[in-house]
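*Asks:* As you go down the protein sequences, you meet chains A and B in turn.
Heads up, the first sequence is in my numbering, so the first residue is 1 and it goes up one at a time.
Heads up, the second sequence is in my numbering, so the first residue is 1 and it goes up one at a time.
Derived from the structure by calculation, the hints contain no laboratory data.
Since the structure is predicted, the reported quantities are computational estimates derived from the model, not experimental observations.
A couple of the hints might just be wrong.
[What the hints assert, rightly or not] Result set (EDC-like, lysine to aspartate or glutamate): computed pairs, CA atoms no more than 20 angstroms apart in a straight line:
(1) A/Lys348 <-> A/Glu360
(2) B/Lys268 <-> A/Glu339
(3) A/Lys381 <-> A/Asp419
(4) A/Lys262 <-> B/Glu119
(5) A/Lys239 <-> B/Glu119
(6) A/Lys269 <-> B/Glu119
(7) B/Lys5 <-> A/Glu339
(8) B/Lys5 <-> A/Glu360
(9) A/Lys304 <-> B/Glu148
(10) A/Lys269 <-> A/Asp230
(11) B/Lys222 <-> A/Glu375
(12) A/Lys239 <-> B/Glu244
(13) A/Lys239 <-> B/Asp357
(14) A/Lys239 <-> A/Asp419
(15) A/Lys239 <-> B/Asp185
(16) B/Lys233 <-> B/Asp357
(17) A/Lys365 <-> A/Asp419
(18) A/Lys243 <-> B/Asp185
(19) B/Lys3 <-> A/Asp230
(20) A/Lys269 <-> B/Asp64
(21) B/Lys3 <-> A/Glu302
(22) B/Lys268 <-> B/Asp185
Listed below are the residues making up each chain.
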Amino acid sequence: MTTIRVQREGTQEFTLDRGYVAKVNTSRCINCGTCRENCPVGAITEAQRWICRVCPECTDQPVMRLQDIDDFCTKQSCTTACPLGISPQGYIGLARNGKEDAAYRMIWEKNPLPAVCSHICHHPCEQVCKRGVLVDDPMAIRGIKRYLDANVEYTRPAYPRLHDERIAVIGAGPAGLSAGHFLSSLGYEVTVFDANNEPGGMLVRAIPEFRLPREEIRKDIQKLAEAGLDIQCGVRLGKAQIKELRDEYDAIVVAAGTPHGKEITWVPKWNYDAVYTAIQFMDFANNDQNTYRMPHQNFVVEGKEGVVIGGGSVAMDTARTALRLGAKKVTVVCLEEGEYVPAHKWEKDEAAEEGVEFLEGYSPKAYCGRVNTLEGIDFVKVTDYAKDENGKITFNTDDSDVRHIPTDFCIVAIGQYADPIYPEADGKTVFWAGDIAGGACSVIDALASGRKAAFAVDSAIQERTLRNAETGHSLVAAPREEKIYPCNRRKILHHERPMQEVGDRLKNFDDVELTYTKKQAYQEELRCLGCGYAMIDTDKCIGCGMCQKLCPQGDVISMVKK
Amino acid sequence: MTKLKRTALVIGAGPGGSTAAFYLAHAGVDVLFVDKETWPRDKICGGVYLSSLYPMLKDMGCFDAMYSQQACNITTMRLINRKEDYIVLDVDPFMIAPRRFTDDQIRRAAIREGADFMENYEATSLIMRKGVVKGVHGLYHNEPMDIEADVTIIANGAHSELTRQLGAFMDDPDMTMYCFRAYVDGVEGLEPGQAEEYYVPMGLNGWSPICTTWLNPHYEGKQAVLGLTITEKALRETGLSSMEFYEYWKNNTKFGQERLKNATLIDKFRGWRLPGSRKLAQSVYPGAILIGDAIAAAETAFEYGIPSAMVGGQIAAGVIAECAAKNDFSFEALNKYQPLAEEQLNPGLEFNGMFRDELLNKEEVMDDFFDWVKKHEGYPHLSFSGMAMEYMSTVLGLKIGITENLRSQ
């Protein structure tokens, strides 16, 4: 029934019927989501194909029960896994068809920091990639994105000015920049304030250069600034200034992050000279200078042995940075064991490759040493480790199992905390985004958080809810005839992410990961199974033709007489 | 909105600056305090916090942490004169705590109270308009950044460039001291809760101006804080280096040999210049108040460095809070600080100066003082400063303008 009922004030209800309905060529559709997002009546959903995993020996992965395959196939796709709602299958498909500009456009239109994400996104999309779970290895989605980033030039269109309201964003980290970008895109006048001299927040301060070269951050922020985002650096805001801001601006978005490292204050002597927080240490490494005046306080790691306490991504980064600065040996000690270690597996593997040692399941008991001079740390075995849903960790210790690690310096990477000066989020004029709003999060989560805050601001000011405010969408199962049989697919070798040789890595701060060549990228793109496609609900479709017009692939959607 | 404009700006986040920031924030004044270091930072210092500061530290909510975790509590003091004779005197209890920890606690108290803090900001010069201080030019992470303020508290220590710019820099060769500190392990013969101070005999060039060595037990067993305090005059007249003073004391005196027989230095000697004054100099300038070492309101004989800075900070904060309430930051309004601070700080500074001139620097008088103390009925019931005061007024016949408050110590 290709009709829509329309009722305006003072008129009678009438129906719109153009007599056409959209039809998708499922074998051509790359599931980019453009039509789904722009359909005026929401008639398009993402369908997920069923991937056979019934017979043994057909692929590397073990067989599964039918019910499990059903559940898995419709639970998540790479698109729903992306916090920003970008469709990897879409840009991979476009790139495979030679439309690299259009492919990268899909990324930068939705992601304010595409180059940054192409280097350090923790790629939740790859973790749910069905090829990874059901066939062999997941698609190297970030690798393809990185290839696109390195090979495609783009210019952001200038932001429109549609509204009179002025919004202040505090903090030019990923969350703040994202909030600023999306608010500007919505047509507000936005000013982003940052206390540091360089925008980027933790990207600049805490992430080591061997994971994210500085020019990538600058490139992204430059594009935002060129499009008209007003970023004011070196503006530190205190309580009184925030009050002024609240008077001056219609809404403020607090994205000030968590700039201070937590310390282990419950273990005596925690304040020895050679005990640094991870943030202090990374700030030192990235700024390439000692900020202490007294030589005995300086961060000296060359030729020394060190311990990093903590098991998260920051701990891995600091350990690897310390090795690059010439530390003789670095041991990472964390409460968790095995799969519970919070760092991503590949981070741990890369660190281990470079020679970082691990001691899992131990908690610091005592710093050993004489006045202000650290000589070693005693650790005790952790038992009954448990983490509740709020992230609160409880554990006991077994005092009979004590390990002493002799060490010259200790880096504490057990989390960060925020400045307490910011007003509470009230949903009307004050909004929080990023780390400060919900504990530590990765870059892509921070970007999504900033986006959410931006739409919340719009919603509060205009008293409306935009259709694209939420990035999530539901999946439906594709019909039986769309099944994918992996044994039919050409087996294409997975290109491991190209990396620098381990021996070379430790000598410098160059990016450890390399970019795919054109051929490698193309072969990787070919591996995509294409699990998803756009499915049109013919009951809802009004035949307007919007989807056909917007489709970046071109010949996917046709309008047929009903 | 201009970049970085505040009502009150405090340069330096040591005890003085942090105290000022704490009380300003407490009074609801918009305050930013800045420091050139990455915190927490160590400071070369004896680390003595007099008990007169305890109420203030309790106000800030950092006393318990300082007292229980890191401090060594001192109740008596052993003085050793140049003849290797010694007396033990009670002192008003004080604690010795590492500055890296204690200063950080005070700074955190100020931040908790609502003061805005910025580290790695080095103030390089003052913004002057028509002779009035309007803020500072500086470097933030080595890039230029200016901060404007209605009133600036300058608390950035003994080497302050800002003080120089105001023409308030104090450099009296009689009072300027060079101090050196190291931590030592394996010190023998120290009593718990007893600090020791040695007036070093310099037999090399006959009588020499003052050089003292102090040994304060630290909070961990046989470890101690070892320090030297030498006047600029002593260095100049004897022609010795600071380390030669130390070597002489260590090798040629009974106590030096005994205490450091099996001792090892944990780290190197590190030093700092400590300006002193006999009375508080003019501390208020249009738009600015100077506190602590920046205006040389410090004295070593009775550990009067940190207290002077913190008391100065507290008074300055009170005066500025009043100014902020009336929105009047004229020189006259700020200058209310001067009499208040003089009333609080001058007795201590004057007494310390006099003690130094009349007792420490005169060998015969010093020996006489030791004999007098030993003979004196009631010894050791009076405290160190009480005995010194009694001796100076009764035996030397000096007129000491000291408040009852200090006398009762």
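*Asks:* Hint by hint, note whether the structure agrees.
*Replies:* Outcome of the hint check:
no.: 1; hint: A/Lys348 <-> A/Glu360; in the structure: 12 angstroms, holds
no.: 2; hint: B/Lys268 <-> A/Glu339; in the structure: 45 angstroms, violated
no.: 3; hint: A/Lys381 <-> A/Asp419; in the structure: 33 angstroms, violated
no.: 4; hint: A/Lys262 <-> B/Glu119; in the structure: 17 angstroms, holds
no.: 5; hint: A/Lys239 <-> B/Glu119; in the structure: 17 angstroms, holds
no.: 6; hint: A/Lys269 <-> B/Glu119; in the structure: 23 angstroms, violated
no.: 7; hint: B/Lys5 <-> A/Glu339; in the structure: 50 angstroms, violated
no.: 8; hint: B/Lys5 <-> A/Glu360; in the structure: 49 angstroms, violated
no.: 9; hint: A/Lys304 <-> B/Glu148; in the structure: 43 angstroms, violated
no.: 10; hint: A/Lys269 <-> A/Asp230; in the structure: 45 angstroms, violated
no.: 11; hint: B/Lys222 <-> A/Glu375; in the structure: 17 angstroms, holds
no.: 12; hint: A/Lys239 <-> B/Glu244; in the structure: 52 angstroms, violated
no.: 13; hint: A/Lys239 <-> B/Asp357; in the structure: 49 angstroms, violated
no.: 14; hint: A/Lys239 <-> A/Asp419; in the structure: 11 angstroms, holds
no.: 15; hint: A/Lys239 <-> B/Asp185; in the structure: 46 angstroms, violated
no.: 16; hint: B/Lys233 <-> B/Asp357; in the structure: 13 angstroms, holds
no.: 17; hint: A/Lys365 <-> A/Asp419; in the structure: 28 angstroms, violated
no.: 18; hint: A/Lys243 <-> B/Asp185; in the structure: 53 angstroms, violated
no.: 19; hint: B/Lys3 <-> A/Asp230; in the structure: 14 angstroms, holds
no.: 20; hint: A/Lys269 <-> B/Asp64; in the structure: 16 angstroms, holds
no.: 21; hint: B/Lys3 <-> A/Glu302; in the structure: 39 angstroms, violated
no.: 22; hint: B/Lys268 <-> B/Asp185; in the structure: 12 angstroms, holds
Hint check: violations occur at hints 2, 3, 6, 7, 8, 9, 10, 12, 13, 15, 17, 18 and 21; the rest are consistent with the structure.
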